[in-house]
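Novice: Each chain sits in its own coordinate frame; assemble them with the hints.
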Amino acid sequence: MRHEGINSGMSPNASTATPLLAVRGLTTAYRGLIAVSDVSIDVDQGEIVVVAGANGAGKSTLLKSVAGLERARSGAITFFGERIEAMPGHVITERGLAYVPENRRLFPGLSVSDNLRLGSYLYRKRADREAPLERVFSLFPRLKERLQQRAGTLSGGEQQMLAIGRALMTRPRLLMLDEPSQGIMPKLVDEIFAAVQSIRDTGVTILLVEQRLAESLEIANRAYVLQTGRLILSGTAAEVRDNPDVRKAYLGI
Amino acid sequence: MQIESLLQVFASGLLMGLLYALIAVGLSLIFGLMNVVNFAHGEFLMVAMYAVYSLWVVTLLDPVLLAPVATAFLFGVGAFAYMGVVRFAMRAKSNVSMVQIFATFGLAIFIQGVAQYFFTPDYRSITDTWLGGKTISIGGLFLPAPQLIGGLISIVLFIGLYLLMSRTDFGKALEATREDQGAVALVGINRNKVFALGWGLGAALVGAAGAVLAIFYYIYPQVGGPFALIAYVVVALGGFGSIFGALAAGIIVGLVEAFTAVLIPPSMKTIAVYSLYLAVVFIRPNGLFGRL
Chain A
1 MRHEGINSGM SPNASTATPL LAVRGLTTAY RGLIAVSDVS IDVDQGEIVV
51 VAGANGAGKS TLLKSVAGLE RARSGAITFF GERIEAMPGH VITERGLAYV
101 PENRRLFPGL SVSDNLRLGS YLYRKRADRE APLERVFSLF PRLKERLQQR
151 AGTLSGGEQQ MLAIGRALMT RPRLLMLDEP SQGIMPKLVD EIFAAVQSIR
201 DTGVTILLVE QRLAESLEIA NRAYVLQTGR LILSGTAAEV RDNPDVRKAY
251 LGI
Chain B
1 MQIESLLQVF ASGLLMGLLY ALIAVGLSLI FGLMNVVNFA HGEFLMVAMY
51 AVYSLWVVTL LDPVLLAPVA TAFLFGVGAF AYMGVVRFAM RAKSNVSMVQ
101 IFATFGLAIF IQGVAQYFFT PDYRSITDTW LGGKTISIGG LFLPAPQLIG
151 GLISIVLFIG LYLLMSRTDF GKALEATRED QGAVALVGIN RNKVFALGWG
201 LGAALVGAAG AVLAIFYYIY PQVGGPFALI AYVVVALGGF GSIFGALAAG
251 IIVGLVEAFT AVLIPPSMKT IAVYSLYLAV VFIRPNGLFG RL
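Line order of the protein sequences matches chains A and B.
Each residue of the first sequence is one higher than the one before, counting from 1 in the working numbering.
Each residue of the second sequence is one higher than the one before, counting from 1 in the working numbering.
Source of the hints: derived by calculation from the structure; they are not laboratory data.
Just so you know, these numbers come straight off a predicted model, no measurement behind them.
Please note: incorrect hints may appear among the correct ones.
[As the list claims (entries may be wrong)] In silico DMTMM-like pairs for lysine to aspartate or glutamate, Cα to Cα no more than 25 Å straight-line:
#, chain 1, residue 1, chain 2, residue 2
1, A, 144, B, 4
2, B, 193, A, 218
3, B, 134, B, 4
4, A, 187, A, 102
5, B, 193, A, 82
6, B, 93, A, 114
7, B, 93, A, 70
8, A, 144, B, 175
9, A, 187, A, 145
10, A, 144, B, 179
11, A, 125, B, 169
12, A, 144, B, 180
13, B, 193, A, 114
14, A, 248, A, 218
15, B, 193, A, 85
16, A, 125, B, 175
17, B, 193, A, 128
The following block holds chain B by itself, in its conformation from the complex (with noise of 0.2 Å):
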């Protein structure tokens, strides 16, 4: 293979690798944050899509320009997701950690079936986008612009997230109600609160992803499933709560499967982005950046 194309097919990998760490890193910030996994998460990026969609469909603006109202929407809905379910989920008396999976995997059939009714089960998509079906070129390479507007929408946002967990108070505190829940209200901090508002954090982040996913990518009810599959990976290959470690391993599925899309028939792309992950589980249980 040329070295051209070798390029060509790292720096698509390595956008869509940008784009599934920016879908995957709410959910590590949520599970780090609180033990819980978020089954939910998928249904979150297809209600920002299906968001941006309707959206589209009664302003006809641009999904770049919708894209900051989906993410303020997403944070609400992520919000309201904790306060009206998970937070009663974690007062199960036994078996929380079951009940918080079925809480948030009910939540996720029950948003597919208010999206199924709304919208039906058509393949939605936008059209006449600014960047739609649009390549730029950069060097010699031809990048499809809204994966390159998607990656570098990734990159802004997890700069601002990590000066948010760095050097705000709310950062502080996020970090201090991962470590110790039950302590915080020592300092007086809410820990509901900041349960509420990194759910919302959470959700809004996989919200920006799903407003670009939404230019170049088919809309229907189920179509959070696949992503929220690799999210899962990535997270896991990450190490569940890190959010470096969801950028790493995010470019690090991108790549694979990229590479692996050349080799092998793109069907089967997806056994090397599993068997990658499976290898990592045996040799690091707790991800490639996990703390142990």
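Excised from the complex, chain A in its bound form (with noise of 0.2 Å):
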């Protein structure tokens, strides 16, 4: 069954009694190796949630397992109340959990237009892909001006936005997103941010894994920590900013 997506009508801020996604004692091995071990987070209705650690903490893992990309090997995520963690990852974005990996994973000889389009590949309703697209365009409007372009001759920045583009236009209830501001320069990684957070605004609950602490933790309203595959810290976005162990390891303050 296909969920209603973000014009349901549900305000960003409505307190459930349930998280919008629950991740529980999750162990993810990733070739072979132990990535993620017995780690647990909350994810409510019309937050920002932002997973830090190093390089290696697991981040990325925790991210595709929750995407079902990566398969669990103990522990319970449930979405929306219903258990995904066995559920094959084209059902899991049906379900409403849409993800922006690392490496952006776009179609890359596809237009842009083709690429939004597939995003939508789950509507048939004209209005179900008109709406979203018109959202796309609003947030980026460059992409806009590159439909018949290819993907892959778009820059690092214009790529990252057609790849939250596309998953935006599926609809999600909650977006996963793994490191967007890599790899693009300065002055779009603002622009990144912000888009993250008007989407926030439409109703869309972000999952953020960043290495750009600061500036996430500024748009953020909770945060998980982790290091060599364990959750070490979790709390506010302003306990994490203040701990001082985050303040040495991660903000250089």
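Specialist: Given below as structure tokens:
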């Protein structure tokens, strides 16, 4: 069954008894090594939640496990009241959980327009396809100028915009972004962070993995810090920002 | 040689080439989609011919009318071949490409065995068809009616395939899957379904060709072999995975075959086709229209 998309009238800050996404005791191996070990996180409706940590801390593996691209060894993942840890990736997308991986995974030989069109593959009704497309164009006007260009010929920042745009075309409840600022020029980084904020403001919950901790804590509600596959810290954005270890290790203060 | 007879050779080469293209394009489609060479492709053609033959024996309907039935039936055969065999071969832990080759090769032997069991190795042919043995005269050229209709069917199906690939969501899903089969789940596409439909589509196209071929060719369990060989040449020549390449290369092979049959003994006509193939492989290993 297809979910109703982001226009279902839920207020962004509606408090729900159960979190939108609940990860419990997740352990996942990547290439034979345990990359995520006994990690539990919650993401509530309307939040921006940041997962931070050094390279190899298991952040990407965590997102891949939630998206169904890596299989968890143990643990439970509940999304919108449904267990998803054993679901194939395309079904998880259908349930309203969109994922923009670190390497973006666009279809490089297809046009920008076709990449976006494929994002709305699950929808048959014209309105279900055009409304999110308008939203993507208002978020990233430069995509509209590049519609016929092949995705592979876009700049890094534009590819990131397209990847986020394609994910929004699936009309997600939850959008997971893996290092959206990676490999793009500083001016565009601000644009991406601003876009993430306005996506949240339209009612899409965000789970963000990011190296740029200072910037992401500015827009985040809560944060988790991973170290070598384990959760070492969690709290509100302010709590994490003020933590002495975090200040020393990640913020360079 | 007179200009009329040159045109005559050209026309019959062109028509046969269109049919070769139709036989080969499904092979190219499947290869492009998932990098699997289907060694049972000729057997798909043979199954289509026997399907038309059996339906003709029972209903006495003309093969031209039965062509859509054969096409639909082969769609099912192709989808089933993926779901029942290839899907499992792709899960091999190591040496996946060899496993795939032997899986489809085994499928080919299996289908041949089944055909031999039910139909015996005897040569069959469909008699008293509307088109069989007839020629149509166009501007002084005499064209065999089955090949003419076959060529037309081929052109129509190529146009349809082009529209499917360029205009529909399913066509875009096929292209996306061939670009990155691991990423299509991110937009909610079930790649297994795309693969199954891709195999169905590839087999349906060779099914249409088989229905035409059944009008003027003998039907026996090994009939797919020589045509499959030509199909591999066409696909390699046109570029693996390229639809337009399959069309162009099919026509080239048909023309080369027709003209060499005039110049050297017909029994040696395939030599020119394979020489051309070797030349292309040495000079442009990706085929004439292949993506690099």
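Novice: If any of the earlier hints don't hold here, list their numbers in rising order.
Specialist: 1, 2 and 6
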